[in-house]
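**Q** Single-letter residue listing:
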Amino acid sequence: MRAFAELMERLVYTPSRNGKLRLLTDYFGRVGDPDRGWALAALTGDLSFNAAKPGLIRALAAQRVAPELFGWSYDFVGDLAETVALIWPEPAVPAAAPGLGEVVTTLAASGRSETPALIERWLDALTATERFALIKLITGGLRVGVSARLAKTAVAAMGGRDVGEVEELWHGLAAPYRELFQWVEGRSGRPVIDDRTAFRPLMLATPLEDGELERLAPADYRAEWKWDGIRVQVAGDGRSRRIYSRTGDEIGQAFPDMLEAITFDAVLDGELLVARDGVVAPFNDLQQRLNRKRVTAKMLADFPAWVRLYDLLAEEGEDLRPLPFDARRSRLDAWFARVAPGRMDLSPMLPFAGWPDLEALRGNARARSIEGIMLKRGDSPYLAGRPKGPWFKWKRGPLTIDTVLLYAQRGHGKRSSYYSDFTFGTWREGQEGWALVPVGKAYFGFTDAELVKLDRWVRAHTVERFGPVRAVAPELVLEVAFDSVHRSSRHKSGVAMRFPRIHRIRWDKPAIEADRLATLESLIEG
Amino acid sequence: MCGRPHIGGMPALPSRPDRWIETRPEGLYVRPGDFYVDPIRPVGRAVITHGHSDHARSGHGAVLATAETARIMAARMGAAAPSTQALAPGVAMAIGPVTVRLVPAGHVLGSAQVVLEHAGCRVVVSGDYKRQADPTCAPFEIVPCDVFVTEATFGLPVFKHPPAEAEIARLLDSLRLFPDRAHLVGVYALGKCQRVMALLRRAGYDRPVYLHGALIALCTLYDELGCDLGSWLPATGAAKADLKGQVVLCPPSALSDLWSRRLPDPLIVAASGWMRIRQRARQRGVELPLVISDHADWPELLATMADTGAGDIWVTHGREEALVFAARQQGRRARALAMVGREEDDAE
Ligand SMILES: [Zn+2]
Ligand SMILES: [Zn+2]
Chain H
0 MRAFAELMER LVYTPSRNGK LRLLTDYFGR VGDPDRGWAL AALTGDLSFN AAKPGLIRAL
60 AAQRVAPELF GWSYDFVGDL AETVALIWPE PAVPAAAPGL GEVVTTLAAS GRSETPALIE
120 RWLDALTATE RFALIKLITG GLRVGVSARL AKTAVAAMGG RDVGEVEELW HGLAAPYREL
180 FQWVEGRSGR PVIDDRTAFR PLMLATPLED GELERLAPAD YRAEWKWDGI RVQVAGDGRS
240 RRIYSRTGDE IGQAFPDMLE AITFDAVLDG ELLVARDGVV APFNDLQQRL NRKRVTAKML
300 ADFPAWVRLY DLLAEEGEDL RPLPFDARRS RLDAWFARVA PGRMDLSPML PFAGWPDLEA
360 LRGNARARSI EGIMLKRGDS PYLAGRPKGP WFKWKRGPLT IDTVLLYAQR GHGKRSSYYS
420 DFTFGTWREG QEGWALVPVG KAYFGFTDAE LVKLDRWVRA HTVERFGPVR AVAPELVLEV
480 AFDSVHRSSR HKSGVAMRFP RIHRIRWDKP AIEADRLATL ESLIEG
Chain Z
0 MCGRPHIGGM PALPSRPDRW IETRPEGLYV RPGDFYVDPI RPVGRAVITH GHSDHARSGH
60 GAVLATAETA RIMAARMGAA APSTQALAPG VAMAIGPVTV RLVPAGHVLG SAQVVLEHAG
120 CRVVVSGDYK RQADPTCAPF EIVPCDVFVT EATFGLPVFK HPPAEAEIAR LLDSLRLFPD
180 RAHLVGVYAL GKCQRVMALL RRAGYDRPVY LHGALIALCT LYDELGCDLG SWLPATGAAK
240 ADLKGQVVLC PPSALSDLWS RRLPDPLIVA ASGWMRIRQR ARQRGVELPL VISDHADWPE
300 LLATMADTGA GDIWVTHGRE EALVFAARQQ GRRARALAMV GREEDDAE
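Just so you know, the protein sequences line up as chains H and Z, in that order.
So the first sequence is numbered by numbering that gives the first Met the number 0: it starts at 0 and just counts up by one.
So the second sequence is numbered by numbering that gives the first Met the number 0: it starts at 0 and just counts up by one.
These aren't lab readings, by the way, just hints derived from the structure by calculation.
The structure displayed is predicted, hence computed values, not measured ones.
Backbone N, C-alpha and C fix where the C-beta goes; we use that ideal spot for every residue, glycine too.
There may be inaccurate statements among the hints.
Unchecked claim - Far from chain Z by the CB rule (all over 12 Å, computed), these chain H residues:
no., residue
1, LYS52
2, GLU101
3, GLY185
4, GLU315
5, THR446
6, PHE498
7, ALA517
Said to hold, decoys possible - Cβ pair distances, simulated, as ranges:
no., chain 1, residue 1, chain 2, residue 2, range
8, H, GLY466, Z, GLU164, 29 to 35 Å
9, Z, ALA132, H, ALA95, 22 to 28 Å
10, Z, GLU164, H, ASP209, 54 to 60 Å
11, Z, ARG281, H, GLY353, 51 to 57 Å
12, H, ARG29, Z, ASP227, 29 to 35 Å
13, Z, ASP172, H, LEU203, 33 to 39 Å
Chain Z on its own, in the form it takes in the complex (with noise of 0.2 Å):
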């Protein structure tokens, strides 16, 4: 570990991060700086790398999370929400022995990448990240590391994301097809749904967007951030017939709900990396499944593990076997870490 050349007299061993970052059960905790990253369960100091339910946990007792992530924490949890102290994005905090930096991750907005530096070793929490533009958030940034920790969501070569553009033609397309059909698009509330609508737009399409009751706090949030998302409108309330070939977001629970009764015909379409998989979108009886994921696809996960140079890769949660593997005939250690509490398939 931690192999970088250093020049003159004496190498100062550098210390393994092995021994200063541990696993735990509450999750990755660095001890030096008595903090964790992204616990699962309440703990005194954390550091958390987006909002995400199954990253951002409530009960802690401070926080540290970029500027846009506490708001998002603050209007998912609303009083239960930890107190939480905003640091900007590139700029260094020492938290006791330990450099901290949060660097934009990609995922979703506010998402980050945590960059621990102690005794001459660096080491990249990524949280989630892709690579594939967004315009719902800040572009992955590579930071050179020795250690790279990893998520593995994706982490088999079946995954190969399309252009999330190309895949919005698509619904575009469809919309053309059946213009007397509501299309009911399943959307994780934070991030999916807003990128979809971005991208929407991009796409010119200039209609309103309706929203389940359940997207729209979110929303609300996105806008005051200034993240454009054109305009959009409660689905809730409005009449049957208005929603005929519209586009109505939900969240991925409600597409079989009671809840989808109240549109026109609807469509059912789901967007996620996990239509991949025809499998998958056939249990859920989508008719459009789109093939739109806010995590790194398996040739993101390779080029990223490359990009940084990271002689050891460390792999939190998802297919972690296949990713180890290709680590390892890449020429660098890898291991999983084993990392239980992490949402694997609906949350993507």
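Excised from the complex, chain H in its bound form (with noise of 0.2 Å):
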């Protein structure tokens, strides 16, 4: 348990994906099986435990602590699971502490009146590291900011892998994952696994840069329009049914309305959106099906969710990904038009002679839920990653707006020094004349030049200080460019924007001349 416990603390404090991954590799190196196996079940989320509420947590607590201290000390320190860490008194003499392993096993195969009293000794036996980790792990709720890719990437990295021959495997495997660990400590051979629904790692393209399209031949390209949706994947055996998000995690139990269609053996690749009656909804509509534990009847019926098709890589255990594209479409037209499958469709090809048609019909994209257009080569297979050249994105101009410079905060890691998270505004009009209303946040765009020069006026134009932010000067305009903006009632401003970052900063334009809250609101689509 103190090398687990150790880790999670070293991954909450560590902002930099770099250092989190050293950590990572570092403690599955060092660490047996089979608690390494459990702690990496833990960070990818498929060990998840909800042994005990935090009010049995509390109420431990309080048969062993005094209610005024234990007030004072909550009020203090402003969470339960710390306070109750760090507040259980230890024993003179503590137990034998339980590895991480002997907790997982335990807490599964003992009913739910036993847990009480296990918990309670094993806090008497661990260090308030220890105890912090564990009452985060049995109340469900373990959160380091390691996603479920980054600890595959990790383990993939002990032996010099890449992390879709992981993400391959990984829906074949279960913790404590010995097989794996075997594998790319180099061991013994390639685990190997049966499962037509296993997750294939996806194919993805790359940007189109300036020039670039010159360069290509249209003949040999095939266009669609690119959805602004999520990507998934989704496998049916006849038995099993699975979705998977792009990095392989299992996204299904959000979307049970989707399960439901997946009648057939076959994996597709495809966008998740929610559409009615395949008229495609805005991106916001599908943010309300995301991240959601619970789906109510109502979400169900308010938000039907739907997966546009666009590619067939796998047809009753025939596995078409070594097919060109040209040949894997023919097949999943066929496919479509004798399976019939409900709430999918198929997205269309884009005709086209040459570019200009092309350059036409992306800059008349401006219909919601298009992205831009994707150019995919006729004869490329299926490749795990991003191989340069068979697959590229196009996407449409970036929208943009002038903003006024209104907070800056200090980042994190290397930047810990610097103020580098911008928010700014744009002004409107309200009872007392025109004021400036914050309406987002961005942390890039900016060179590392530019960030030091930003730095350096924050700190030259701060008019208030809120522990690490600085309230500055209304006088400094950043161009902003985002992907697109919607409705929102969490923000004050109303609106919120998809991936804005700096796009200009515009030292010479008077803070007068940025635009106004209703310009923003004017790009709002659907």
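Mind assembling these two chains? They're in different frames, but the hints should get you there.
**A** Structure (structure tokens):
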């Protein structure tokens, strides 16, 4: 438990991806089975307990500590799990500390009525850091800023392998993943899994660079719309049904309506959308369905899920990925006509004679749910990862708006001495005349040299400080680029942007000439 | 108060110390001797427990302190340091009708508890103290007394400092894992800085420790006073590449300063008792919080009250309400003195 708790502790405080990776590979390399496998499962979300509610933890602590002292401590610390972990009185002679594996297997094997005594015994045997990790683990609140993909990347890195190889195996494996570690450590061969609905790592497109188009032959490529939804892989074998995110995480639980439609034996690549009778709703509607643990009947009715298909990776156990795109597309069309699956349609091919045709299509693509155009070579097999050349994404130009810098916050890690998170606003006329209302936050888009200048500007124009945040004189205009904007009741301005980033710093422009909120509102689609 | 048994005859009523010790805006005032302990404003005569700036101020007429505290005050204040008489630990000295002794408090080099005896009653003003071992100063000594005046900086049961050696081991482990990053450790200039250096040496770390300019004067003084800190170098002027994988110490305020930009990919570390609280560590952008404190933690506060056998507990600064509550649970009379002017947070 000690190594696991220390790892969780360090991951929470380590902002950089590389730092996290190093902590993870070090841990996996140092700690033996089965503990490291259970830790991996905890990080990938494949190990989730609801063995105890926070109320139980609090009640256990109340038996050990006077209520006055607990109350003052909780007020000071501000987090229940942390307060209990810190305040737990340690016995003079602690019991033998359980390992992570012991905790996991014992909990799984015991009934609900036994858990309070178990937890109490473990709390008596652990240090404060370990107690915190234990409480978070068993109450299902373990959040350390590590994605499932990052944890898998760390495992893959142990054997110098690509994360795609781990992802492809993942759903055929189970915690504590002994055979996976043996394989990446070179002590045994690749685990053999037999699962038709296993995740196939996705083929990704590279952005089309300026001038790149002229070097491509139009006849080699096929074109489709690029949809503004969530890339998914839909897999069924007649028995099991799965929906994977682009990183191989199972998200079917949040989309029972889609799962129901997987009545076939095939693996498909497509875009998850919210659509009513085939008419796609704005991305904002889809957002209502994401990251939900429980789905209500009302949500299913109001925001029905839909998948727009663009590739067929396997059909009745036959792996189609080695086939060229054109052949796969014909198979997809035939399959769709024959199976006629519910809640799905085909992403249409866009006929074109030359690049000017496509350029015109892209220029006019202001419709909701279209982000741009995809170009795919007709002879390209389906390859994992992001090979350069066969697939391109050609996004429509971003929207931009001139805003005024209002607040700056210190960044993390390498940027912790720089003001690098910027909140900006636009003008709105209120009862007291024109005022700036915050409309978004951006922390990238500028060069290192620009960051140094911005940081210096912030320090010289601070009017107020709140902890790590500085309010600045509203004098600097930032041209912000963003992909789209939609209504949001959670924001004071009533709007929220997608992917805002600093496009240009307008050192030259007076703040009074920045845009109005109404301008931003006029860009809302749908 | 002062309920010690007396032998034979009519009991001479011991004088109640709350009649001869007062809290005034200047600080704790010992009336029969006409002096203050750790006054926060300039006074005629002061007894100073230790050299931290919230206890040792300038502008007093005459000061009594340990020789080390006198040297520390001189190093910090220069010409503004008050004229100071040194009193060796354990040696009694009369100030008017009051007998004064200084006894090690285990907080920082030179730190002392002030033992006051008057009219059959003994009061111990402990200043700041800790019970955990510290290679840079003499250990805390228990003095049985009637009234124990205590701090309560970490006066909540959530504060339990792990062994400092274990925290240093975490720092060394991080150096192993991130050998390309300078480990920038925020430490208080007096005490914490030198303790961390001494602990690193005991853990076998023998490379030079790099120091922010604000830490150099006191480290030089510790060297002069015979406290072995191993080799150290000023961080200013060192080549950026040379600081890769090195331990660099700086005051907590410099952690997020422009100053830290001279370091190669710094990993921000802080050594403080407050690092036990996640929110505190996060607010400061700390990547590796080390719980190393020069103050008593909760179990130490409770044990010390019991060890002194004091019937009365006076709490000077910190989280008084919880400690007063706990003292009463131990069957002692307890009250908060509501002393102002003590730094609570960063000075730790
Ligand atoms: Zn102090
Ligand atoms: Zn103090």
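**Q** Run every hint past the structure and note whether it holds.
**A** Hints, verified against the model:
1. The claim that LYS52/H lies off the interface holds: its Cβ sits roughly 21 Å from the closest Cβ of chain Z, which is beyond the 12 Å cut-off.
2. Separation of GLU101/H from chain Z is adequate, the least Cβ-Cβ distance of about 23 Å exceeding the 12 Å criterion.
3. Remark: the non-interface label on GLY185/H is consistent with the geometry, its nearest Cβ contact in chain Z lying 22 Å away (cut-off 12 Å).
4. The non-interface label for GLU315/H is consistent with chain Z: the shortest C-beta to C-beta separation is roughly 49 Å, beyond 12 Å.
5. The claim that THR446/H is not at the interface with chain Z holds, since no C-beta of that chain comes within 12 Å of its own (minimum 17 Å).
6. At roughly 25 Å, the least C-beta separation between PHE498/H and chain Z is larger than 12 Å, which holds for a residue marked as non-interface.
7. Even its closest Cβ contact with chain Z, about 38 Å, leaves ALA517/H beyond 12 Å, as expected for a residue assigned away from the interface.
8. Against the hinted window of 29 to 35 Å, the Cβ-Cβ separation of GLY466/H and GLU164/Z comes to about 33 Å, which satisfies the hint.
9. ALA132/Z and ALA95/H have their C-beta atoms about 27 Å apart, which keeps the hinted 22 to 28 Å range intact.
10. A hinted range of 54 to 60 Å for the beta carbons of GLU164/Z and ASP209/H is consistent with their spacing of about 59 Å.
11. For the pair ARG281/Z and GLY353/H, the beta carbons lie near 56 Å from each other, so the given range of 51 to 57 Å is met.
12. The beta-carbon spacing between ARG29/H and ASP227/Z, approximately 33 Å, falls within the hinted interval of 29 to 35 Å.
13. As the Cβ distance of ASP172/Z to LEU203/H is approximately 37 Å, the hint placing it in 33 to 39 Å holds.
Checked against the numbered hints above, the structure breaks none of them.
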